[in-house]
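Number of protein chains: 2
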Amino acid sequence: MTAYSEKLDAVLQNVDTNLDASVSRLFEILRIPSISTQPSHAADCRKAANWMQRELEQLGMKADVRDVQWSVPGHPMVVGHDQRSAADDSLPHVLFYGHYDVQPTDPESLWTAPPFEPRLVEEPSGRQVIVARGASDDKGQVMTFLEACRAWKQVTGSLPVRVSVLLEGEEECGGANLLPFLKENAAELKADVALVCDTSMADRKTPGITTSLRGMMADEVVIQCASHDLHSGLYGNAAANPIAVLCQALATLRNADGGVTLAGFYDGIQDPAPATRAQWSRLFPGDSSLLEEAGLSVAAGEKNYSAIEQTWCRPSCEINGISGGYEGEGFKTVLPAKAMAKVSFRLVPGQDPDRIREAFRAHIRAALPADAHVTFTAHGGSPGFEVSRDSRFLNPALQALTDEWGVPAAMVGSGGSIPVAGEVRDALGLDALMIGFAQNDDRIHSPNEQYGLDSFHKGIRSWVRVLAALAEAG
Amino acid sequence: MTAYSEKLDAVLQNVDTNLDASVSRLFEILRIPSISTQPSHAADCRKAANWMQRELEQLGMKADVRDVQWSVPGHPMVVGHDQRSAADDSLPHVLFYGHYDVQPTDPESLWTAPPFEPRLVEEPSGRQVIVARGASDDKGQVMTFLEACRAWKQVTGSLPVRVSVLLEGEEECGGANLLPFLKENAAELKADVALVCDTSMADRKTPGITTSLRGMMADEVVIQCASHDLHSGLYGNAAANPIAVLCQALATLRNADGGVTLAGFYDGIQDPAPATRAQWSRLFPGDSSLLEEAGLSVAAGEKNYSAIEQTWCRPSCEINGISGGYEGEGFKTVLPAKAMAKVSFRLVPGQDPDRIREAFRAHIRAALPADAHVTFTAHGGSPGFEVSRDSRFLNPALQALTDEWGVPAAMVGSGGSIPVAGEVRDALGLDALMIGFAQNDDRIHSPNEQYGLDSFHKGIRSWVRVLAALAEAG
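First to last, the sequence lines map onto chains S and E.
Here UniProt numbering is used: position 240 in the first sequence is 240, and no number is missing along the way.
Here UniProt numbering is used: position 209 in the second sequence is 209, and no number is missing along the way.
Okay, chain S solo, but in the shape it has when bound (with noise of 0.2 Å):
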């Protein structure tokens, strides 16, 4: 046993007293709408990053807010360094990444409270859940990293391993200058493994590792047809819709088994191993189990592949967004010149982004008739993810993150794109442990986005466990 797991206890101790001030500086930074893709919110993410900073100096590191100019917006980067780094070399240096930045709040109608107004509220059965936009993805996962170094600082003076931080600003818009931030700065950056906390448990008990991910290309279609607005009356029938035309192009990008159609789409793609697999498969009996928090029942899309695969391990198409001519109350009968949509897909290991948004735009121009006209604008894309199995780091965490949860930790995929894990991997040759304490039904990116007030303390005391654990595995 060493040092750090003789203190355990007492850090654990310290967490569990200590958990409504916790709790008040998460709803401090919850207040800050830090919304990355709206540029009216620009200073606002700069609060928010200099609120990040003046935690990490609490904290006793030495951080800094930085600019970023390789791409618009340019939210800036916090990084901040504990002092010990610098001091013990023999010690195992992590590098812990998450993002300060959130999500838009629209439909604001139907949230229940304003979404920077962070509240504790009770749920039926008894749980306690903040309830924030921000208070799962990413504001609430990151404090919990902070706090559980703030437990070892405030019991032991130290921290049980070197730990670097950089929080990015971006990560909900494209996130385009965290790779060349993270080339430009490797010397500095470089560590033993990185750790990030931005992913869901394998369920509401089982702690989980994400060790695969999928990754994303998102791209704006515009199709135009008149110069201008049309009475549908007078041109109707006879003037080209470009909402049809859309119609027409989307409802192709499927075919009758749900398969995407886009060419070469599947080419170089592996099914997972059999053992995942079944291991999936017990953690999700039916489709039902991940589809009815959602208030569904059957899974719509690939016909040979459950619920949790097509989400896991499946690279998927969906229409995020879709506008064009009267969207108001009553009916207006205009043929409209313009109608956009939002389309994305997620990828996985074997996909390359380029080629998928070369293959999609190529099946949107094949769709247009005569006077149709379209123009993209790319939304970020990133290809899927394998963490190395290998890292002399993994089953530690697991054993840790098993310790506190009482059920063995399991490693599982993720759906959500999350480009840091392949980035540090790229530019600075590191794993990445992805540990996150989120649910299904935190409704990120959705109204009344939330997280578990146990979300939060467990996922406190579980990097105070997995801090302990690196530093025995160094």
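Simulated from the structure, these hints should not be mistaken for laboratory data.
Hints may contain errors.
Here are a few chain S residues that face chain E, going by a calculated C-beta distance under 7 Å [stated by the list, open to error]:
id, residue
1, L234
2, C247
3, S316
4, A370
Simulated pairs of lysine-lysine, DSS-like, Cα-Cα distance not exceeding 27 Å [as the list claims (entries may be wrong)]:
id, chain 1, residue 1, chain 2, residue 2
5, S, K303, E, K338
6, E, K303, S, K338
7, S, K62, S, K7
All figures in this text were calculated on a predicted structure; none of them were measured in a lab.
Cβ coordinates follow ideal geometry from the N, Cα and C atoms, glycine included.
With chain S's structure known, arrange chain E on it following the hints.
Showing chain E alone in chain S's frame:
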């Protein structure tokens, strides 16, 4: 030569002399934002009704504003009777119909000036146009008739025929109160012929009387899958996407030949007579003559019909609006719970709006996968309409228009829906002469709606002549 035709030149001279004052009066009513489909403009609709009542009183009519209560929104009717109507029943009696409500103005950003601040703009050709919402549809057209009455009164002290006026405030939002109002007030509103000024000329130089009109069935579709918006990474592929479901359902509304696929859609429809088709093809030689003003070149609809046939005599199917998911700047990887479309069908004689609505809803329902639910909202329906060519007023009116424009007036079709024509026939037993001076490039229902100053000026002069001609036909 009757007393009326002797005075014709003097009355026409009066119109020319007072054109500026006529334009000023039109500008007054154009400044009232009487958008009937938006509840927030209900007071403006009443203000416009009151303005029209005062205008009719200034023309020496007994006029009042009448509440309607059969259906929401209940914007009032304005009814006026020239005093002579009661006094001299040897003269023909006309019931003039128009509407004081207007379409919404979105997208406001495409207007070059505020839509309710009317202004005269000189086009590059030197032609002067009045630009404002409602300039053409229908305030400008209504005022051509009222200004013609004013000129007759100023010069001769009376009108050539007995005149009653009915102005509606719900033409742009379904008009469900009109038919019951006509029926309840049938004794009062009964006349010899109805005059409707809400249509276009045959082309820029050729006056026309519209003798065939399409009806309309409009429906709103909302498809819901999940109970709330989902994260497309966590649920994408496996959770049904209502935008994709909607696109699938809408994409199959037409077949590869442009025909509408609803069951029984074309049952009972007749093609126009060969002579009529020949006249139309002389007016519009080649599809581009109709389409080029819209920036289009190729007819998009049914393969075996010309563009003008498609808009004047063939039923249509148009998606007038679509909405779902994230429509703002940037990108949001939401998998929305709901998606909405507004769809309308222009109908021709032989089609039953109620049956078409049921066929449409059956089509959508048949396209729904498991877990997808649909709700429909009806937005009005009216059948197509063919005006009787036997009316003793038709040929005199055509001759009056021919005299004013120096080009033989044509009997034309109209793509737009003007339910009043069928409703005055059903409720009052009246033929309707639909005479209008709008142009296809008036951008009605679109940003920068306009009405040519020539349309307005010669429109007033045309009505001066038509009133005299109808007096002789009496």
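Please flag the earlier hints that this structure goes against, numbers listed from lowest up.
-> Failing hints: none at all.
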